[in-house]
Amino acid sequence: MSAQTNDSNILVEIKNLVKTYTRGDQAVPVLHDISLNILRGDFISLMGPSGSGKSTLLNLIAGIDKPTAGILRIDGEDISKLSEGDLADWRASNIGFIFQFYNLMPVLTAYENVELPLLLTNLNKAERRERIHLTLGMVGLMDRMDHYPNELSGGQQQRVAIARAVVTDPTILVCDEPTGDLDKQSATDVLNMLKELNSKLGKTIIMVTHDAHAAEAAKRMVHLEKGELIGEVI
Amino acid sequence: MYYFKLIFKNVFRAKLRTALTITGLIVAVVAFGLLQTVVDAWYAGANASSGTRLVTRNAISLVFPMPIYYRERMRSVEGVKSVSYSQWFGGIYKEPQNFFPQFAIDHTNYLEMFPEFITKPEELLAFKRDRQGAMVGRKLAEQFGWKIGDTVPIRGTIFQGNWQFTVRGIFDGKDETTITRQFFMHWDYINEDIKRRFPRRGDQIGAFNIEIKDASRAADISKEIDGLFRNSLAETLTETEKAFQLGFVAQSEAIVVAIRTVSFVVIFIIMAVVANTMAMTARERIAEYATLKVLGFSPGYVAALVFGEAMVLALTGAALGILLTFPMAQGFASSPAGAAFAVFAVTPSTVQLQVICAVIVGVVAALVPSWRSARVNIVDGLRHVG
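Listed in order, the protein sequences are those of chains A and B. Quick note on the numbering used here: the first sequence kicks off at 334 and runs consecutively. Quick note on the numbering used here: the second sequence kicks off at 227 and runs consecutively.
These are calculated hints, taken from the structure and not from any lab test. Do not rely on the hints blindly, as some may be mistaken.
Unchecked claim - List of simulated lysine-lysine pairs, DSS-like, C-alpha gap at most 27 Å:
hint, chain 1, residue 1, chain 2, residue 2
1, B, K468, A, K458
2, A, K528, A, K458
3, B, K241, B, K231
4, A, K458, B, K373
5, B, K439, B, K468
6, A, K552, A, K533
Let's have the full structure, built from the sequences with the hints guiding it.
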């Protein structure tokens, strides 16, 4: 099943998307003929069992992998045609990433981790500092900015990761199991934070999750199984 | 700025591993520096030689002498400024292990021919006036605690007998490359006694030292001198002082080659150690490199991080190793083993070589890990658990 719309507000347009990996001599199909539209300001959760292809779909949308066939347009741009270098630049300015295991640099403080993506912009030091303070304040970690990741709890680390994801003001936030490594309270805090980013700042959020409770935070839930879209709940 | 901050923080992340790798580098750099200094010490005589000095010896071998009267004929050759002579004495001071070079010289002009030996005029005069006088180098005097006026007993081996010399002067070197572990005495004094006891061995000399006016004419003058004595009982071989010194070194060239080889083997071993460290480091951080690439950092930036880390390791080890080489060399030089070398000083070229080797170690150790890190697949990298 696919969700399609003619709305001119489409941010992510996916048509007949196919992804096949090659393992040795064998072709392993992961996604079959996926078609899906995601609107600007949407909050969508991709659900499905392990091996269903949800993370692969997320990686394709985020521009860290390339489709084998089909159309993948983000904000009207066919990102499957971009070179590796252009794709890296595109990711830096359009995508914010939130991972299950936070993926913070252990040798950098919370402040420095949030600063990382800003190093690829033209902002000067003072402008960077202003933005970092703003985002760390938003996730409630101003008092922990000089702490290293190993000095923070899992929930705090994920909040630093959220700050790092939004500090460049990207169009899309992609979240791969953002609550998968957190306790219930921290998971709720992170989901509330994502909801706020979506409702107050209008960020388009695409979240992969196993957790039905987490998926309920989204406006739409899309189910995948064996590389195919099998249902959608709004 | 941020790049360097990240590199330095990464370098000291696994403190024990970094400390051990840097310690290995320090040991390797010091060992390399000391071995190169040994090689330099071997060539010290040749390197300190002058282009305007020639040495004439018996064409058959240095152990065969030449008649002293050759000197007058040598003086007549155009371009020759002055002629002096020296004879290896080869005596023993107290114990055979107290070895140092001793030469019986023409006291009238030999030391003037070597401006690198700095003598005090009054001491030089005292030396010239005393037939039993000796002029000794500063390092030698310090080694045995000799002072002006001390009597030095030497047991002759080539010129047998118990000889007594009085220290009349102590000379310094022009710089630290000048050999000041030498002992000079009057050839006249030795010759007089030898003529009395072994008349056939009298008036014979081991080598003539010839000062010429123009270094560029060394080959012509050498040829001319040797031509003077062709078909005589003692044919001569004249060569530049450097060639003469290198002739000695050539006799032990195999040892020098072995020392050089070992010094580079040490560097090769540490290169493998640092390369292993960098490979382990890069493998552990695949997820971090993938994250950096996800955030938009280029493969080149990731490679530069690994490369920079290897260079910081190599250059830190090299800097500390170089700093340690100087006191270690000094310590060795003042030890009994170091006394075998007339000059044992770390030269600028040795330091340059140490730096070059460290840079090569850093570059080679970083090549493969940098390349692999730059090529890390983002999707696979994010799944990687270090």
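Evaluated hints:
1. Proposed proximity of K468 of chain B and K458 of chain A is contradicted: the alpha carbons are some 62 Å apart, above 27 Å.
2. Of the pairs offered as hints, the one joining K528 of chain A and K458 of chain A is violated, with about 30 Å between alpha carbons and a cut-off of 27 Å exceeded.
3. Straight-line distance between C-alpha atoms of K241 of chain B and K231 of chain B comes to about 16 Å, which keeps the hinted pair within the 27 Å bound.
4. About 69 Å separates the Cα atoms of K458 of chain A and K373 of chain B, which puts this hinted pair outside 27 Å; it is violated.
5. Distance hint between K439 of chain B and K468 of chain B is fulfilled; the C-alpha atoms sit about 17 Å from each other, no more than 27 Å.
6. Restraint check: the Cα-Cα separation between K552 of chain A and K533 of chain A comes to about 14 Å, which is no more than 27 Å; the hinted pair holds.
Violation of the numbered hints given earlier is confined to hints 1, 2, 4; the remaining hints are satisfied by the structure.
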